[in-house]
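J.: Chains V, X and L, in that order, give the protein sequences.
Position one of the first sequence corresponds to residue 1 (the numbering used here), numbered consecutively onward.
Position one of the second sequence corresponds to residue 1001 (the numbering used here), numbered consecutively onward.
Position one of the third sequence corresponds to residue 2001 (the numbering used here), numbered consecutively onward.
It cannot be assumed that every hint is accurate.
Computed list of lysine-lysine pairs in BS3-like fashion (alpha-carbon distance at most 27 Å, straight line) [said to hold, decoys possible]: (1) 43/V x 2095/L; (2) 200/V x 2137/L; (3) 2245/L x 2309/L; (4) 241/V x 380/V; (5) 2242/L x 1043/X.
Since the hints were made in silico from the structure, they are not lab data.
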Amino acid sequence: MQEVKWRRLPLNSNYAVAYAVKDCDVDVIAAYPITPQTTVVEKLSEFIANGELDAEMIHVESEHSALSAAIGAAAVGARTFTATAAQGLELMHEMLHIASGLRLPIVMTIATRALSAPISIWCDYSDLMNTRDASWITLIASSAQEVYDSVIQAYRIAEDPRVLLPVMVAYDGFIMSHTYEPVYVAENPEVIREFVPRRKTWLTLDPDKPITLGPIANPDWYYEIKYQQVVAMEEAYKVIKEVDEEFGRRFGRSYGVIEKYRIEDADIVLLTYGGLFGTVREAIDAMRKRGINVGGLRLRLWRPFPAEEIIESVKGKKLVIVLDRAISYGARIAGPVALELMSTMYRMSEKPEVLSVVVGIGQRTVTEEDIAEITALGMKYLEEKRVPNQTIYWGVRA
Amino acid sequence: MQGKQLPKWNEIPPGGAILEPGNSVKRPTGDWRTFRPIIDKEKCVRCLLCWVYCPDAAIKIIDEPYRTASGKEWKFSVEVDYTFCKGCGICVEECPVKAIEFVEEVK
Amino acid sequence: MSQSATSRPVYRSPFDLPREEYLAPGHSLCAGCVAGMIVRHLLKVAGPNTIVVTATGCVEVSTTLYPYTSWRIPWIHVAFENAASVASGIEAAIKVLQRKGVIDPNKRINVIALAGDGGTYDIGFQALSGLLERGHKVLYVLYDNEAYMNTGIQRSGGTPLFAWTTTTPVGKVWKGKWQQKKPIAEIVAAHRIPYVATANPAYFIDMVNKFRKGLEVDGPAFIHVIQPCPTGWRFDPRYSIKVAKLATETAMWINWEIENGEFRVTVPVPKRKHVKHYLRMQGRFRHLTDKEIEEIQRFIDREVEYINKRLGKEVIGPLVE
């Protein structure tokens, strides 16, 4: 096996995506421009224009068609890619369910962005959270390097015959999509291609073996076909870990399904996802210096939800503060991950308190000081034994 | 329960794909018919219009020689495939020599 | 003689048509539904090296009721509004996979998108325009039964003036649809694609040769086929082809094509019948007054005049009957 040679490049997460897609030798890219995803597709266009990637670029007239075209391409066996954000992801929504329902291993990246109205181009996770039940495997990265690595892993996961589900890799719009970080990319992409070999693992439209894809299923059949997706998600959970471990052995970087930061001896755990975890880590270091026993937990895998790892990590803790950057309007616990965590913890005999906090909506700045103040508030609630059973909307002018 | 005879979730191809091309032939539609077209091979001029216009591919071309009572020799004939004929009557209407009768189905 | 260099033979009689059936019987299209006949011949012309994308609609639900399929060639349904986008993806994927040697580069695979009027005029219009503009080599066939028949005869952009539908009912205030049918084939032609045609299954030789040309051209082709619907148009199914024929005989439906920019009427009608012959056969027009019929007639007269003017000769003749 050839040894990988890394090249250290200054890349933002959007460019990291483009490099990963190129290194995976993707066949068909169908995408529509939307801020802050746009430079992913611009970079890929450059790669194709310069002959660095042999792919068909379909300049579709909408995101709906982007995913539709990806579905068509994947259905004849092509490795496909698309990328979007916010309104684009909403416009695709119908196709999300069909891509997974047809069991096509499409990979898509999301530079997360707040939803209209009012229109906002800035980051939050309300777009991603709306896709929760679309049966897509969903990874949320927190650095440009992780974005690059996750896109590569995504193809391995999606195309695994035990899985055959589409995969989304999400990361903060602007905060990550437009921030340059040093990223190691393969100088010899053949090595990456070895890691994600071309395998015919899914049913395709082939004149030599005609099949019918996407028929109409009545009540006698629909349920069983959808149950297959339930099982595929369960299988995916194992495969995601396997692939990440193998990636680690091969390339020296792995991420797990959750990332822990100084939680072993912590009483209080800050749980979040995406680029915000960087701020959280800094805040933890500062608070630790002040003697506060706080640690951090980052959700890297959102679907399938890493329930066991989460339960294991919060066991024995006093308080979990969940920092969500999305709102489930009308829910008492309106942070989607807080809600998920609480339902996951329901059967635990001794469970920590949970404080649901909404932050960073429409990219309202979240500073280390905010994190420290939120932690202090959580500790106060804990001490007074009155952790509220409803979400705190941090920083809203009231 | 009908459900008991149907395949389990893991016996169905992923995503509900159908792997057997054209297996709808296992689901005859002949019982839809209330009227039955009957081709008179004597009158039939073998123009194939019934075969062309049939929406259900329910007109069969039979490659067997046929000699009419008046001595006309045909290399083939057409027959209605009653397994699938839904009895729409297009063939009856489009036959240029009125060689197809349309009779009510009786049990 | 065909005017384009083509590899498929020109069809001159039913005996030239392949015997093979790629749409198996056992489908549940209504008795007398002409869509079945149209698709049969489309597939005969296309042959087995063909992938079909079908938009949601009558043909889709009637031919693929799980676990049965009537398709003997690879077939996919994704949604209502995106047959054109899915077909674009398939075409692009075949191109790149042939380039990379994953699919045999010498194999010619036809890509066909098949959609009804709802999936073309209305919800699928944007995707269609995108496909045409990008120039994918896809044959798009519109089977036009002039309403949302699959959901139960609701008005579409393809429903003709004054037609009764379940959402343009005839009452004290409403008298059927109050707008004209959208000139979809002309809108498609405005994209300047290599081949656009209208076809009528009653004139099947004309229709199959158009399918042939649509599959031969290098780029998008669009064929708009009228598809009489006994259920929605309210007539006895045995008259499906009669109704189709009358559509052309009255010039309510003109069979034309634009091949590489050249416009021609492929089925000239030297003597034209009054539209009442077509309208009176169908229950959806039963409520029409003589005045309304004359309004439709005047509209058709203008259309005929426009066509004849465009060609500089009289291909559609005067009203005689």
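J.: Verify the proposed pairing of residue 241/V with residue 380/V, using a straight-line Cα cut of 27 Å.
T.: Answer violated: residue 241/V to residue 380/V is near 37 Å, above 27 Å.
J.: Has the given pair, residue 2242/L with residue 1043/X, been kept, meaning a C-alpha gap of at most 27 Å?
T.: Given pair residue 2242/L, residue 1043/X holds - Cα atoms ~22 Å apart, limit 27 Å.
J.: Residue 2245/L and residue 2309/L: Cα distance at most 27 Å?
T.: Satisfied, since the Cα-Cα distance of roughly 24 Å is no more than 27 Å.
J.: For residue 43/V and residue 2095/L, compute the direct alpha-carbon distance and say whether it is at most 27 Å.
T.: holds, 22 Å
J.: Keeping to a limit of 27 Å between CA atoms, is the pair of residue 200/V and residue 2137/L held or broken?
T.: holds, 25 Å
In terms of the numbered hints stated before, the structure departs from hint 4 and from no other.
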